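There are 2 protein chains.
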Amino acid sequence: MKILGILLVTTCLVTTTITLPAQTKKQAPLMIEEQGSFAVGGSVITAPGVYDPVKRGVDGQTFHGDHAYVFYQIPVKARKLPLVFWHGIGQFSKTWETTPDGREGFQNIFLRRQFSVYLMDQPRRGNAGRSTVEATIKPVPDEQSWFGTFRVGIWPNYFPGVQFSKDSATLNQYFRSMTPSLGAIDPTVVTDATAALAGKIGDLVLVTHSHSGGFGWITAMKNTHIRAIASYEPGSGFPFPAGEAPAPIASSAGPLEPTVVAKEEFLKLTKIPIIIYYGDNIPTQLDPNNPGADGWRARLAMAKLWADVVNKHGGDVTVVHLPEIGVKGNTHFPFSDLNNIEIADLLSKWLKSKGLDK
Amino acid sequence: MKILGILLVTTCLVTTTITLPAQTKKQAPLMIEEQGSFAVGGSVITAPGVYDPVKRGVDGQTFHGDHAYVFYQIPVKARKLPLVFWHGIGQFSKTWETTPDGREGFQNIFLRRQFSVYLMDQPRRGNAGRSTVEATIKPVPDEQSWFGTFRVGIWPNYFPGVQFSKDSATLNQYFRSMTPSLGAIDPTVVTDATAALAGKIGDLVLVTHSHSGGFGWITAMKNTHIRAIASYEPGSGFPFPAGEAPAPIASSAGPLEPTVVAKEEFLKLTKIPIIIYYGDNIPTQLDPNNPGADGWRARLAMAKLWADVVNKHGGDVTVVHLPEIGVKGNTHFPFSDLNNIEIADLLSKWLKSKGLDK
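If you read the protein sequences in the order shown, they are chains A and B.
If you're matching positions, the first sequence starts at 15 in my numbering and goes up one per residue.
If you're matching positions, the second sequence starts at 15 in my numbering and goes up one per residue.
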């Protein structure tokens with residue numbers, strides 16, 4: 015161990031061969047018709063002047079940035095509509111891959127169910143790190159706070175019955191599933207790139223999580239190829255038409271404000287089926303001792319108010335609070351929790367009910 | 015178009031559906047026994063104090079960083095030794111995925127040849143962006159310089175016969191295949207994480223490119239699970255034993271220095287087969303008008319000197335300068351160039367000759 019400033023640094027070297035989880039080996043092979051990756055959307059900065067290949071200065075050079083990066087897999091006999099998966103705050107495409115405890119995530123689960131799967135890193139995140147804005151990123155210890163906000167428990171305690179493995183190897187992978195933004199998260203930049211993806215691949219079902227929930231609503235207003243949205247624990251950004259927005263909802267994580275948009279834009283969200291899921295261990299009334307979880311009480315309440323307004327205007331929004339249908343113990347990441355097959359089954363059932371799995 | 019400071023910004027929105035290249039659709043399906051992702055290696059910063067879940071300050075919190083991120087695929091009836099692919103400077107795992115012009119890269123090509131394929135993002139890059147050091151990253155236009163250094167041509171001209179598609183969509187994808195480092199590239203950090211990967215998965219063949227070439231030699235000294243190395247255009251960091259290092263080699267990109275290591279460490283590299291490839295359009299003598307390409311003249315010359323020293327001590331290093339065996343037009347990225355099947359065939363043949371493809 016070395017002392018780095020006031021901080022303690024521990025080096026983690028794995029020196030023995032660790033076998034991969036047996037569970038994944040029992041599955042049938044994935045039959046992939048096609049797989050690959052690409053950048054989509056973004057912008058180009060061009061420095062004035064003429065490029066000199068000997069001096070190699072900035073004059074006349076370009077910088078391509080702010081694109082999304084996408085890795086896609088199309089299974090044999092794929093269903094018509096692909097699923098496009100969009101991570102949340104502090105996260106990247108890993109959200110949908112192997113779970114922290116080494117089981118299959120939604121990437122593999124839905125490939126096995128014959129959906130084409132597109133995993134996106136939003137602009138300025140993960141493999142799409144080439145940002146057009148300057149960024150300074152500091153390694154600030156913050157993981158016990160995320161443990162609370164993501165409702166695994168209240169550090170150092172896990173919630174009783176939480177759908178999360180309590181071993182240290184799982185927690186190590188969980189914390190390493192985060193990666194910073196290279197610059198501000200710009201709603202226009204991230205939704206433009208996702209709309210460009212829809213323009214490139216055509217009709218799709220968008221699956222969002224947390225922070226991307228709000229961006230998903232905006233993207234669907236920008237591109238009609240987004241035929242449906244499934245959103246896991248969307249955070250801020252529920253868009254109400256002017257005159258129909260509720261009051262802010264207080265929580266010990268701070269007040270949650272509704273977003274107001276033009277009615278013409280809002281009405282676009284009444285044209286597609288939408289399902290929203292929230293997990294367990296959300297306080298039922300303002301909890302000053304647990305701000306990490308309490309913010310989700312406000313978001314769940316806002317989601318229900320929003321669904322009512324969209325549905326009043328002819329929309330088709332369903333809000334599922336998982337414990338209310340008997341699905342207990344889910345964290346902020348239901349799709350990678352221990353019961354993620356059950357969570358996937360719920361999504362499959364909904365997709366079928368809406369004719370989205372042809 | 016908007017003016018951003020002195021820089022011109024162009025927004026690139028794809029608004030029509032673009033079909034994916036037909037070429038990839040003609041292939042047989044990929045049969046994947048298992049696929050997934052994980053973080054490996056890295057360190058942990060722990061802030062002193064006790065975490066307070068209400069205040070949520072830095073006290074007592076942790077920060078897991080400096081791991082590598084790995085996405086792996088194991089095909090049905092996989093060969094014994096996996097190929098672990100390590101990107102070069104400014105790059106990430108995309109290096110080995112879909113080529114800039116939309117063809118299959120080494121990821122798919124070697125899966126089809128029944129190798130398990132592990133694609134790594136080195137610590138502080140791409141999906142492994144959670145860095146333990148502070149970083150400030152600026153969007154400096156630099157792409158015409160890379161066009162030269164990567165030997166596509168001398169901007170705005172392509173080299174005659176270069177194995178690179180000359181359309182703008184290809185160049186767009188090519189430039190967007192870069193992503194910045196989040197903090198200094200630390201040889202100890204990146205080689206520790208790669209050695210940890212070898213510790214986790216066991217015996218493997220390491221495939222390096224450019225900047226990771228030098229790191230590959232160090233990693234093989236750290237972990238004997240690295241059973242062979244294939245290196246595409248390794249840059250600096252050729253390790254010579256004390257007393258046997260050559261003089262620096264001048265180039266218009268600056269002098270190339272040899273690296274000196276303890277003889278005991280050096281001798282480890284005599285125990286494994288190594289192949290090194292360089293592409294075309296490398297000057298034959300110091301070219302003051304083309305520093306981008308001239309640096310490769312020095313690196314190729316140093317590689318040959320290094321191979322001689324390793325082989326003198328009983329090693330097995332082969333340096334292939336592709337034009338000398340009739341393979342013309344390759345850039346700094348032979349594995350994604352237009353003739354990448356031919357390049358893959360050369361690697362397959364070498365792996366077979368060394369008994370590495372059982």
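One or more hints might be untrue.
[Claimed, not checked] Listed next, the stretches of chain B that the computed footprint assigns to chain A, with coverage defined by at least 3 CB atoms under 8 Å from CB atoms of chain A:
1. 58-66
2. 98-110
3. 155-168
4. 331-344
[What the hints assert, rightly or not] Here are the computed lysine-lysine pairs in the BS3-like style, where the Cα-Cα straight-line distance is at most 25 Å:
5. A:40 <-> B:152
6. A:366 <-> A:318
7. A:152 <-> B:69
8. A:69 <-> B:152
9. B:91 <-> B:363
10. A:285 <-> A:152
11. B:285 <-> B:363
12. A:40 <-> B:214
13. A:285 <-> A:94
14. B:326 <-> B:368
15. B:326 <-> B:277
16. A:180 <-> B:326
17. A:40 <-> B:91
18. A:91 <-> A:214
19. A:40 <-> A:69
20. A:236 <-> A:318
21. B:40 <-> A:91
22. B:277 <-> B:94
23. B:94 <-> B:326
24. B:40 <-> A:372
25. B:40 <-> A:214
26. A:152 <-> B:152
27. A:236 <-> A:180
28. A:91 <-> B:91
29. B:91 <-> A:214
30. A:214 <-> A:282
31. A:277 <-> A:326
32. A:152 <-> A:94
33. A:236 <-> A:277
34. A:94 <-> B:40
35. B:372 <-> A:40
36. A:214 <-> A:180
37. B:342 <-> B:318
Don't read these hints as lab results, they were simulated from the structure.
Being a predicted model, the structure only gives us computed values, none of them experimental.
Built from N, CA and C at the ideal position, the CB exists for glycine as well.
- 25 Å Cα cutoff - pair residue 236 (chain A), residue 277 (chain A): 14 Å, holds
- Query: Is it true that the CA of residue 91 (chain B) sits at most 25 Å from the CA of residue 214 (chain A)?
  - Reply: 35 Å, violated
- Message: Just to be careful, I want the Cα atoms of residue 152 (chain A) and residue 94 (chain A) compared with a cutoff of 25 Å; is the pair within it?
- Response: 43 Å, violated
- residue 326 (chain B) and residue 368 (chain B): Cα distance at most 25 Å? 19 Å, holds
- Satisfaction of hint between residue 282 (chain A) and residue 214 (chain A), Cα-Cα up to 25 Å: 20 Å, holds
- Message: Run the distance test for residue 366 (chain A) versus residue 318 (chain A): straight-line Cα separation, threshold 25 Å.
- Response: Within the cut-off at roughly 23 Å; holds.
- Is the Cα-Cα distance between residue 236 (chain A) and residue 318 (chain A) 25 Å or less? 24 Å, holds
- Item | 25 Å limit on alpha-carbon distance, applied to hinted pair residue 214 (chain A) and residue 180 (chain A) | Violated: residue 214 (chain A) and residue 180 (chain A) sit about 42 Å apart, past 25 Å.
- Below or equal to 25 Å on CA atoms is what counts here, so check residue 94 (chain A) against residue 40 (chain B). 19 Å, holds
- Message: Just to be careful, I want the Cα atoms of residue 40 (chain A) and residue 152 (chain B) compared with a cutoff of 25 Å; is the pair within it?
- Response: Measuring from Cα to Cα gives roughly 47 Å; hence the hint is violated.
- Task: Quickly compare the C-alpha distance for residue 152 (chain A) and residue 152 (chain B) to 25 Å and report which way the hint goes.
- Result: Since the Cα atoms of residue 152 (chain A) and residue 152 (chain B) sit roughly 15 Å apart, the hinted pair holds (cutoff 25 Å).
- Under the criterion that the straight-line Cα-Cα distance not exceed 25 Å, is the pair residue 91 (chain A), residue 214 (chain A) satisfied? Distance ~21 Å between residue 91 (chain A) and residue 214 (chain A) Cα, so the pair holds.
Of the numbered hints listed earlier, those contradicted by the structure are 4, 5, 10, 16, 19, 22, 23, 27, 29, 32, 36.
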